[in-house]
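Number of protein chains: 2
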Amino acid sequence: MMALPRLVFIGSGNLATQLALVLSEKGYPVLLVYSRTEESAAALAGKINCPYTTDITLLDARADVYICALKDSALQAVLSQASFHDKLVLHTAGSVPMDILSEYTANYGVFYPLQTFSKSRPVDFSNIPVFIESNSPENFSVVKSLADSISNVVYEADSEQRKKLHLAAVFACNFTNHLYAIAAKIVKENGDFPVEVLLPLIDETAKKIHALSPLEAQTGPAVRYDKNVIDKHLEMLNSDKDVQQIYDLISKHIYTVNGMIDGTVSKERG
Amino acid sequence: MMALPRLVFIGSGNLATQLALVLSEKGYPVLLVYSRTEESAAALAGKINCPYTTDITLLDARADVYICALKDSALQAVLSQASFHDKLVLHTAGSVPMDILSEYTANYGVFYPLQTFSKSRPVDFSNIPVFIESNSPENFSVVKSLADSISNVVYEADSEQRKKLHLAAVFACNFTNHLYAIAAKIVKENGDFPVEVLLPLIDETAKKIHALSPLEAQTGPAVRYDKNVIDKHLEMLNSDKDVQQIYDLISKHIYTVNGMIDGTVSKERG
Chain X
1 MMALPRLVFI GSGNLATQLA LVLSEKGYPV LLVYSRTEES AAALAGKINC PYTTDITLLD
61 ARADVYICAL KDSALQAVLS QASFHDKLVL HTAGSVPMDI LSEYTANYGV FYPLQTFSKS
121 RPVDFSNIPV FIESNSPENF SVVKSLADSI SNVVYEADSE QRKKLHLAAV FACNFTNHLY
181 AIAAKIVKEN GDFPVEVLLP LIDETAKKIH ALSPLEAQTG PAVRYDKNVI DKHLEMLNSD
241 KDVQQIYDLI SKHIYTVNGM IDGTVSKERG
Chain L
1 MMALPRLVFI GSGNLATQLA LVLSEKGYPV LLVYSRTEES AAALAGKINC PYTTDITLLD
61 ARADVYICAL KDSALQAVLS QASFHDKLVL HTAGSVPMDI LSEYTANYGV FYPLQTFSKS
121 RPVDFSNIPV FIESNSPENF SVVKSLADSI SNVVYEADSE QRKKLHLAAV FACNFTNHLY
181 AIAAKIVKEN GDFPVEVLLP LIDETAKKIH ALSPLEAQTG PAVRYDKNVI DKHLEMLNSD
241 KDVQQIYDLI SKHIYTVNGM IDGTVSKERG
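In the order they appear, the protein sequences are chains X and L.
With the working numbering, letter number 183 in the first sequence gets 183, and the count goes up by one each step, no holes.
With the working numbering, letter number 113 in the second sequence gets 113, and the count goes up by one each step, no holes.
Note that these hints are calculated values from the structure, not bench results.
Be careful, since some hints might not be right.
No copy is singled out in the list; a pair is fine if it fits within one copy or between any two copies.
[As the list claims (entries may be wrong)] DSS-like mimics (lysine-lysine), calculated; alpha carbons at most 27 Å apart, straight line: (1) K87 <-> K241; (2) K87 <-> K188; (3) K47 <-> K26; (4) K71 <-> K252; (5) K252 <-> K47; (6) K47 <-> K119; (7) K207 <-> K185; (8) K26 <-> K144; (9) K144 <-> K188; (10) K47 <-> K188; (11) K26 <-> K185; (12) K144 <-> K164; (13) K26 <-> K188; (14) K87 <-> K252; (15) K87 <-> K47; (16) K241 <-> K119; (17) K252 <-> K26; (18) K71 <-> K227; (19) K164 <-> K227; (20) K164 <-> K252; (21) K47 <-> K241; (22) K119 <-> K207; (23) K252 <-> K185; (24) K87 <-> K185.
Go ahead and model the full structure; you've got the sequences and the hints to work with.
The structure is reproduced here in structure tokens:
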């Protein structure tokens with residue numbers, strides 16, 4: 001059996017943390033963690049029992065794979081200061097083309113797990129889709145082994161496809177979470193009920209689309225453009241014009257999309 | 001032990017179906033199901049083994065409680081044709097004031113479960129918040145017994161509060177589901193991946209807010225207003241101006257809301 005590649009993590013945020021934890025559990029040696037922020041570097045290094053640095057020019061040269069899990073805006077600035085000795089460098093960003101890495105090394109690729117991560121929430125990687133890409137068949141097989149070792153759902157995706165997956169994820173995760181925030185605020189302002197009253201509804205809404213397509217699962221006043229309810233809701237949002245506009249826009253879009261594909265199904269209550 | 005009240009269901013849609021199923025399981029005698037649509041009435045009546053009618057003037061007069069689970073727009077038209085002999089009449093609508101029932105009977109109330117229902121998906125009612133209201137203490141105790149018999153989370157809510165809960169539910173459920181639909185469409189148009197790649201992300205997004213508030217859980221390019229990514233995404237949505245506008249509006253609103261409350265937390269990857 002070949003020795004597993006030795007890793008260096010560049011970044012110690014949400015994704016870096018979870019990825020370092022799971023790969024280290026799977027036996028990959030992590031030689032070093034880099035982060036600009038000492039506290040954050042030390043926290044991750046402590047969890048996986050390895051050294052850390054806050055100096056990007058001091059990366060461990062013995063690594064086989066450098067995994068850069070940084071925010072997009074920091075990526076190039078950090079990479080341009082590092083030396084990779086033409087070792088394999090991976091980034092984990094949805095919307096950054098793979099080729100930006102060609103400036104820094106001859107061997108590169110992308111490792112993009114389609115999931116939202118927190119430092120404190122452990123995740124089961126086994127069912128998380130990982131989208132990978134690489135600049136050569138040899139590098140691809142290294143990235144694929146890494147991905148296969150933690151997930152059962154690994155796809156090859158080029159940078160264009162990955163960008164679209166990231167866009168889809170923004171709707172499915174970031175924007176969805178923001179709707180939760182708006183809903184929670186409305187419940188809170190209502191006074192007498194804990195925001196937790198929303199959780200069963202939120203859970204069921206997510207579970208439902210395991211069995212139905214989201215178009216089939218759509219319920220609520222907007223599907224039938226129930227003007228009476230919609231107008232009342234818009235009026236209730238008078239004091240928050242931004243949220244009112246979001247309500248108006250999404251309602252109209254639901255009616256446009258679901259009205260076109262589904263004019264007949266009876267929806268007695270959403 | 002007192003005999004359980006005998007029920008008549010007016011409506012046979014998603015909520016009527018699930019509510020009739022659970023109450024009938026709990027031992028409540030269901031005397032009759034009414035629906036305008038024979039197929040739908042027969043389907044529900046078959047499930048709980050009771051007669052049905054499509055003639056609203058032929059409601060069983062022996063019932064103690066009439067539960068109207070109809071779409072808002074049909075409610076008053078149907079009620080105005082029925083005879084309730086001043087028995088207890090409940091509606092199940094989020095945005096309909098209780099008092100509209102006073103035209104039809106001297107005894108009335110509201111039974112509003114905060115959940116999304118499908119005819120085909122069984123639900124565990126025990127953790128579903130039910131918001132109830134009634135026009136007298138006697139009627140309230142009947143409604144409360146009904147609610148307590150199926151749910152551990154029963155609240156009294158007046159019509160104003162219920163309207164706001166319904167508005168919150170539209171964001172947390174109906175609009176959220178529509179974001180799933182937009183995300184699924186983007187993945188589908190991308191060609192090579194099944195829409196199921198979104199499910200772990202959707203599930204985790206819902207699970208996360210059991211532990212974190214939605215404001216704390218917020219990730220993604222909009223939190224840090226990453227103009228580079230946001231502009232790319234907006235450009236990708238050029239062919240669908242409505243979705244582009246939804247993207248733009250929600251991104252700005254996330255930045256406004258989360259920027260104000262959380263300017264410091266580092267979010268290395270959403």
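Original post:
Which hints from the list above does the structure break, by number from lowest to highest?
Top reply: Those not satisfied are hints 1, 2, 5, 10, 11, 13, 14, 16, 17, 21, 24.
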